[in-house]
Amino acid sequence: MKSTDCEKKQALYLKENSLLSQEERHFLKNHKKNCDDCSFTDDIFKMISNKEEPFVQPLDELSQRRWNQDILIKYNNTNQVKTKTKGARLLIITAAATLLMGFISGLIFSSDLLNKKQDLAIESLPISDIKENQEIKILTSGQSSLLSNKEKTNLFQKEISTNENPMALSMGNNIALLLEPQTKIKIEANNSFETIIRLIKGTLFANKIPFATATNHFEIITTRANFEVKGTIFEVTHNSDVTRLRVLKGNVEIIEKNTQNIHKGTSLQKASYPKWEQHSLSQNDQNLLINKMKTMDLFEKQNEGNLEISSTPKGALVFIDNQYIGKTPLVSSIRQGHRMLNIKKENFQTVTEHLNIAPESKQSRLFSLETLSAPLLVKNEQEDQEKASTDTQVKPRATQTQAASANELKNMMDKVAGHRLRQDWQAAALEYKKIIARYPNTPQAHTALVSLGLLELNHLNQPSIALNRFNLYLRKGGPLSQEALFAKATAYKILSNKNSEIKTLEEFLRRYPGAVEAPKAKARLKTLK
Amino acid sequence: MDCHSIFIVGGFGSFFIKKTYLFNLDGHLLIDMVSTQKNEKTNLLKTRWSSELNLAQEASLGRLDAQQFLLNHLTSRVRNLCSYLTGGGNDQDDLAQNSLIAIISSIGTFKGESTLYRWADRITINTFYKHHKKKSRRTNLFKKYFQSHTQNEDYLESELDKNRIKQRMAELIGTLSPKKRTALILYHVNGCSIEEIAHITHTKQNTVRDRLQVAREDLRKKILADPLMCEWRKLRLK
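Protein chains in written order, with my numbering: chain A, 1 to 529; chain B, 530 to 767.
One chain only, chain A, in its complex shape (with noise of 0.2 Å):
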């Protein structure tokens, strides 16, 4: 097929179908027909068109509800922090300009600042301008605490080793390390002149931004050679029998230990000793470096939130946005945002959670894993059920088969999900009893307590048997805490029961202070006293 052909339908293809001739029709036709290239990229085009297989799953109902409370949580911080920092925000403009101006003049007049090479810059460098010993930070590690971030950490001319998890650095300076399992280093300098890191053994990843501080001097030493570093994305391995550089972007020089020869390494290259010759980074050297740098993107000291996470049994692999971050127990500085946390382990079944990292905030999770050889249910407990389910239709089932059990299981939540579409909430009732008596004890049927008892709050006028299931669920806990304890306030209100309100909406704001309903509480709780 013509190239020019298919230049002439992809010119065609915005054309409106009304406004083409029929010579023109004629022609797009039989070019599909003929071109192989033209047709399959139009079938991958009509592929990411289809509406009904969307690229991104939609949420289900537990996420969705975090999703929304996450942002809504953030909408009326947001809004707060806009009005106080009107003011502040003017002073910090005129602050900004004025150093501008101070700067530019600097740099008009100063033919130092200009120079943009180490040696000048260590000349000029007062000695008491030098800050000693530079705040470094731990961003993850395998034991049972990280230090606090308030505390100045003290890990200079200390060896700093690593066992089954990576660990990650802030060392100021706009440098990170990332240091692989069985590494160790010790930090002979971190200052605001230089950092010079020894690398006794293992592989040490390292990103230093470009022209972030002019006079920062970054070396890595090994016993076969020194890494000067410009600034760049770069990682050193080092042990007995080898001692490598591969640089992902940036130049790295290495000088040899013995004979001060100096070699290059550069963009997309690495060396090795004794030789040092440059070779490419071929293209799986090149997807490692990547993925270090985006797990170094997770942990990197920028608005961070504190999460810990411990399993039984422990020793689990923790994924954190498919990048991962090491074995359980772990804790980690992650940075803020939504993140999907992923824990495996052979044998058992994988848990897959959505995490909202808040800035500065405190998670702690445990999860307890279920083998992958044990069946879906449970022995059947019903006693709690029963008090709170009317329908005595429904009877638990025996214990089935994993797979069909799991399908049948989703089945039941999307029923459920188009009844709440159409409204139908009668149908959307009975369909959440089906999924608490034939599958307790599974995380959705324990979910399914707080909606079904919404429903019955909110569309069906049944409060007093939607208070029993906000009770049943607040029993045992869980994500949906929050939402369960303010409905049972709700659900006291619409009972006429004044004074288990007030208990309820003081337990409320007392557990959950920032809570987005927690405004509508405190107006309540005062009309009511």
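Keep in mind the hints are simulated off the structure, nothing from the lab.
Any given hint might turn out to be false.
[What the hints assert, rightly or not] Calculated pairs, DSS-like style, for lysine-lysine (alpha carbon to alpha carbon, straight line, at most 25 Å):
#, chain 1, residue 1, chain 2, residue 2
1, B, Lys708, B, Lys733
2, A, Lys46, B, Lys751
3, B, Lys708, A, Lys8
4, A, Lys201, A, Lys257
5, A, Lys46, B, Lys763
Following the hints, complete the assembly by docking chain B onto the known chain A.
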């Protein structure tokens, strides 16, 4: 009917008729917008809101149920759009969240002149442009290399591995410049017309058309050269 007679009829009519004819005063362009908008309006049957405008007004007054309904309604669309805009990167959910916050913050400015979906698309695109500008050089490095590597391995288990293909498409789309990417995604993923894209991105229709053409051609070349896409093509032919 010419424009003058339409205007006169509109002047005598009710507020409702006037609104309809106001669209027609711009002729062909806005008739197209109305016809595509019909399919994309929010389903407000059995809710207490009479129209999208009513929903927006209540949400802007801080009514929690209106805001939650809005979020439930727009989340999937916004997340899907953001996933393509970021090339399937780690920051897609961050962008989606920021977009939805921007939507809630500015819901008071929704006047009902377009559908809620289109209006939300515009806010999302504007948020994306701001987000894109703020990103560091290191993050741009991700985009530069992202087309040729991912966490997953470069093979397909079956011809039906559509999610994998979509992921790769998102990555390839992510290598286009922001403006071309926006035009392409709005056209193919969100089904916007050229006029709507021009309205959303504050550009002329001819500019949108040019961007789309160039984007499609660039993307076509990348698809035909991509190893994973070639693999999928072979599997399909078997």
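How the hints compare with the structure:
no.: 1; hint: B:Lys708 with B:Lys733; verdict: holds, 13 Å
no.: 2; hint: A:Lys46 with B:Lys751; verdict: holds, 17 Å
no.: 3; hint: B:Lys708 with A:Lys8; verdict: holds, 23 Å
no.: 4; hint: A:Lys201 with A:Lys257; verdict: holds, 16 Å
no.: 5; hint: A:Lys46 with B:Lys763; verdict: holds, 18 Å
Of the numbered hints stated above, none is contradicted by the structure.
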